[in-house]
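**Q** Each chain is listed here by its residues.
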Amino acid sequence: MLVVASIVFLGAVGMLVMGWVRRDRPGLPFVGENETANTFLVVLFGMGIPIAILVALFVISDLVLLKETDAPDAGSTAMTVTVVGHQWFWEASYEGGAETANEIHIPVRTPVELVARSADVIHSFWVPELNRKIDMIPGQANSIELYAERPGVFRGQCAEFCGLQHAHMAFRVYAEPRRRFDSWLASSERPAADPQSTQAKQGQRYFLEDGCAACHTIAGTQAEGTVGPNLTHLAGRDTIAADTLPNTPEDLFRWIQNPQSVKPGTKMPGLGLGAKKYHAIVAYLTELR
Amino acid sequence: MTVSTPPATTVRINRLERIWKETPGLLGWLTTTDHKRIGILYFFTSLFFFGAGGVEALLIRTQLIGPNQSTLDPATFNEMMSTHGTTMIFFFVVPMSLGAFGNYLIPLMIGARDMAFPRLNALTYWIFLCAGIFLYVGVFSGNAPSAGWFDYVPLASKAYSPGPGIDFYALSLLFVGISTTAGAINAIVTIFKLRAPGMSLNRMPLFCFAFLAVSFALVFALPALSTALILLELERLLGFHFFIPASGGDPILWQNLFWIFGHPEVYIIILPAFGIATSIIPTFVRQKMVAFPLVALAEILVAFLGFGVWAHHMFAVGLASATTIYFAAASLVIVIPSGIQLFSWITTIVTGTPRFKTPLLWIIGFIVLFIMGGLSGVTFAAIPFDQQTTDTYYVVAHFHYVIFGAAVFPLLGGMYYWFPKVTGRMYHERWGQASFWLTFVGTNITFFPMHILGLDGMPRRNYTYGPEMGWTGLNLIETLGAYLLALGLLSVFANLAISLFRGERAGNDPWGGDTLEWSTTSPPPEYNYAVIPKVSSPYAMWDEEDREEDRRNLELGRKTLERGHETPASTAVDAEWDEILEMPSHSAWPPLVALAMAAVFTMVLLQQWLGAAIFTAILALTVVGFHLKEPEEA
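Listed in order, the protein sequences are those of chains Z and A. Letter by letter, the first sequence follows residues 1202 to 1490 in the numbering used here. Letter by letter, the second sequence follows residues 233 to 866 in the numbering used here.
Since the hints were made in silico from the structure, they are not lab data. Just so you know, not all the hints are guaranteed correct.
[As the list claims (entries may be wrong)] The following residues of chain A were derived to be distant from chain Z, with all beta-carbon distances above 10 Å: (1) Thr237; (2) Ile417; (3) Arg435; (4) Leu526; (5) Leu574; (6) Arg693; (7) Arg734; (8) Ser819.
[Unchecked claim] Covered stretches of chain Z (in silico footprint by chain A; criterion: 3 or more residues with CB under 8 Å from a CB of chain A, positions within the stretch not fixed): (9) 1210-1222; (10) 1230-1240.
[To be verified] Distance condition first, Cα-Cα at most 20 Å in a straight line; then the derived EDC-like pairs of lysine to aspartate or glutamate: (11) A:Lys520 to Z:Glu1234; (12) A:Lys520 to Z:Glu1314; (13) A:Lys520 to Z:Asp1225; (14) Z:Lys1468 to A:Asp305.
A virtual CB, placed ideally from N, CA and C, is assigned to each residue, including glycine.
Sequences are here, hints too, so could you generate the full structure?
**A** Here it is, written out as structure tokens:
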């Protein structure tokens, strides 16, 4: 496309340059002043050549290539992942019951059906290296196929303007060898481990009693909120707040202590619990492997 | 022009001057129904909105100059980008092209003395002004819309945009839609019925064909937008359910309705520019347009086909493949009429003997930018490519090449071209050429890198980006380009403003122009033409014998219509003399009707239903007054 477009562009600009060079001479080179020849030029360049190029473009892209971005046929994929867009994070769930957020794992060289839904406004699921974008529309389930040829981490982001923090609504897709993926999935299906250190135990209490649990789920505890992302295996993720910060204890502390300064407008409030409690909660969260 | 003015001519001209005299002072401007004065009002008002939209653009670019900037907070950024788009499209390009250029030039080009409905014409201006103020009251009171210019639901629904920003947006667009619809109908009737006898459709300037096509497109496209806006406001203000899936609504309904309007709107924006290009090119290359009938046909075809392609804005929503393939094919078909026009301009320039004065430079800049924007536009019809690039900066680059490059450049060229006609003075030529180059370079520095950023994955409408994304360098270049672009535009208007007072006297026809407006004085008198001009080709000004006959007619008092405020009407196709129309002169009703309408919209915004009812009654009364015949002049 780029090559053809460049030729067309240079050709047209070339004609304009010729107009400048021959500004004192009427008519065309060789042909001279001839109205029929002029009209013929317009029809040739304005209709003839474009029709040929456009038909080729249409057949190649819209009849042949298009099949690759279509929704997969039923039964053609090995597994299904459902991703729900929220203002401003991604919730992912697997058929076996595993739930996670903002980091989606898929097995490599396996066709995966991705079902895209939305919990609020329209978002668009887009991993440029894996497939087209697909809008996530409330009341509608769209699907595309994700297929990773090689293992790797692929960045994705929301591509439909969805409000204040549209800019901080990214995610990652981890394409992993089958065995590694299977063990990830198995551990993700398990409920959260109980906290071990004293500080983490305190942290769990604060988490459940001081408001966090109203919005977040940690499987295996009484935290069953569904407003924010599922945190059951938070410590296994590389990033927090939809790929906004790396998942280090320092950044986690900064985030939960004052989310509005990190991501202004996020639905997560700062609860004003004091540094001691926040440190305890961070200790708890970092044990959620 | 003439050697000496015969006494009979002077008497007639004095009589016409007396009959058509405008009220002096501010009152005159408030009550005018003269299409030229209304055009000038439109010009300055839409120029003001251009400035506002420009400031918003610069704020956006400043915020994106580097990663993680905080010039604007996310909320303000979203307000600025929403208001920028809304302002530029609804309150700058359309009123500038239709309201200012169309109003001023259509009657002049067809040899008429005014638009077909002069009072309605004044009304469209006052409604436009009130609607613009309405939107900006929202902006300055901290209630700017923030859901983007296409305002997708459910983001724009009450649940996710609880403030009144969206109401300001929706009501101001409904409001200005009334103005645009009325203006379009006025233009259609004017072009069909008020052409000087003899100007059959095949002798009409291509400029008028373009405006005719645009006006038809507007009349058919705007109802879809108005419907969408009314449904949205019923939902937001009265709790109806049209778009909310939980209550059985469908958010895609909004997208369909919006783009059924929105894609024709793209051609509505660009066709006047085509019309301006086809006026400027023949004058400066001293050659008639190549393939005139094909171009006229292409202008109308573009407006028509524009209605069949709207879903190409929606290739990522998960429509059925058959649907997307149809819309991709339809979108490709539009390339053909655009290609014909493009190569008609180029061939005319190549085969003529062009003088590269400022107006022609803008048109050549336009052609280059339009080719760029057109080529990137074609790529969206490759569905898989579209599904990657839609909602990225690649799209932003594309539509700025089309809307800024291809629609605004000819408007700027047109400002230089008709400046001598409207003001009677010449602009500064060298300064004009320098401004062109500054703006042209600025435009490309600002918008070209956006293609690359888009292909590199930068989504549009992100208020910021991280340094790790690798987008910093190009964004910096774009922002610097935007400052350069702003400087270029400022120098354009500085040149025109200074020339308004200091420019050399222009005379009637400084360019050797091809259309009728160059036959009258600069600026034209209130009645435009003392004699209804004779027309026997689309290049009326180049038919020396006809102009000579006009002068004889004036002397003999033929076709001067000096008994009253009159202009002739002719038949729609062949332009045979039909009847003589008595035209209204000044009236205070248009601004009053617009004010009453503004009050109704304000009451609806405030949800004061009783107040809305009262003002609707007052509005009805003013509309009755609007239709009264004016008292007979003594």
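**Q** All the hints need checking, so say for each whether the structure fits it.
**A** Here is what the structure says about each hint:
1. The beta carbon of threonine 237 of chain A sits about 37 Å from the closest Cβ of chain Z, which is more than 10 Å, so the claim that it is off the interface holds.
2. Consistency note on isoleucine 417 of chain A: stated as away from chain Z, and its beta-carbon is indeed over 10 Å from all of that chain's, at 32 Å minimum.
3. The Cβ of arginine 435 of chain A sits about 18 Å from the closest Cβ of chain Z, beyond the 10 Å cut-off, so the non-interface label holds.
4. A beta-carbon of chain Z comes within 10 Å of the beta-carbon of leucine 526 of chain A; the shortest separation is about 7 Å.
5. In this structure leucine 574 of chain A is not separated from chain Z by more than 10 Å, as the shortest Cβ-Cβ distance comes to only about 6 Å.
6. Not every CB of chain Z lies more than 10 Å from the CB of arginine 693 of chain A, the least distance being 4 Å, so the non-interface label is violated.
7. Every CB of chain Z is more than 10 Å from the CB of arginine 734 of chain A (nearest about 30 Å), matching its label as outside the interface.
8. Remark: the non-interface label on serine 819 of chain A is consistent with the geometry, its nearest Cβ contact in chain Z lying 44 Å away (cut-off 10 Å).
9. Only residues whose beta carbon comes within less than 8 Å of a beta carbon in chain A count, and the region 1210-1222 of chain Z has 8; three or more means the coverage holds.
10. Coverage of the region 1230-1240 of chain Z by chain A holds [criterion: at least 3 residues with CB-CB distance below 8 Å; count 4].
11. Note on lysine 520 of chain A and glutamate 1234 of chain Z: the hinted pairing holds, with a Cα-Cα distance of about 12 Å set against a maximum of 20 Å.
12. Restraint check: the Cα-Cα separation between lysine 520 of chain A and glutamate 1314 of chain Z comes to about 60 Å, which exceeds 20 Å; the hinted pair is violated.
13. A hinted pair counts as satisfied when its Cα atoms are at most 20 Å apart, and lysine 520 of chain A with aspartate 1225 of chain Z qualifies at roughly 16 Å.
14. With a CA separation close to 16 Å, the supplied pair lysine 1468 of chain Z and aspartate 305 of chain A stays within the 20 Å bound.
This entry does not satisfy hints 4, 5, 6 and 12, going by the numbered hints stated previously.
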